[in-house]
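Trainee: Sequence:
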Amino acid sequence: MKKVLVADDTKNIRCLLATCLEHEGFVVISVENGSEALEAFQTDVFDLAFLDIKMPKISGTEVLRQIRELGIQTPVIIITAFATIKNAVECTQMGAVAYLQKPFTTNRIKQVLTEITEMQNQNTSVENLLALCNEKIALRDFEGALAILKKALSLDPSNGQIYALLSQTYGLLGNTADAKKFADIHKVFEGRD
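Numbering (the UniProt record's numbering), first residue to last: 1 to 193.
Calculated cross-link-like contacts (lysine-lysine; reagent style DSSO-like; alpha-carbon spacing at most 30 Å):
1. 3 / 150
2. 110 / 2
3. 57 / 102
Label pairs and their calculated CB-CB ranges:
4. 103 / 174: 50 to 56 Å
5. 176 / 114: 43 to 49 Å
6. 114 / 11: 25 to 31 Å
7. 35 / 143: 26 to 32 Å
It should be emphasised that the hints constitute simulated quantities derived from the structure, not laboratory data. C-beta: ideal position from N, C-alpha, C; glycine also.
Take the sequences, apply the hints, and build the full model.
Mentor: What follows is the structure, given as structure tokens:
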């Protein structure tokens with residue numbers, strides 16, 4: 001099940017988003033300020049995030065900037081009541097995938113989810129999967145990392161980096177036989193004996 005972070009200082013907005021997203025099959029984690037959002041990103045992996053621009057402590061824009069600096073590539077939807085071209089451009093340059101202007105309806109949320117899903121289906125690349133795998137490994141979610149690596153392998157079986165990460169992940173799980181097997185395959189791709 002996909003996990004979504006909702007960060008907004010307005011309880012009604014958090015509740016509306018949570019209800020709609022849960023109805024769509026997401027597990028929702030809600031926080032009320034930017035500090036809590038950063039904490040959540042540092043302790044969990046999210047498939048999607050909704051960030052309000054104007055929040056106490058740390059703005060949504062600053063949260064977005066900081067998670068990108070940490071290498072977290074979670075798709076982010078910016079929420080704002082104060083839409084400006086400057087904000088839209090700034091957030092898009094930092095990798096926001098959509099902009100949701102308040103007030104919004106559940107239909108608009110569903111429309112944005114559909115747009116994001118279509119984008120993700122088109123942009124699922126081995127590089128994105130490997131970045132997500134590294135996030136899973138950093139959070140010690142080795143089973144999740146293996147699932148992602150298997151998908152990456154099905155997309156590009158000639159990518160040596162996948163075999164290196166499979167070796168590393170099996171090693172971290174204590175499965176030395178599979179770790180060695182994938183290390184040997186990686187060596188072949190690297191041109192070693």
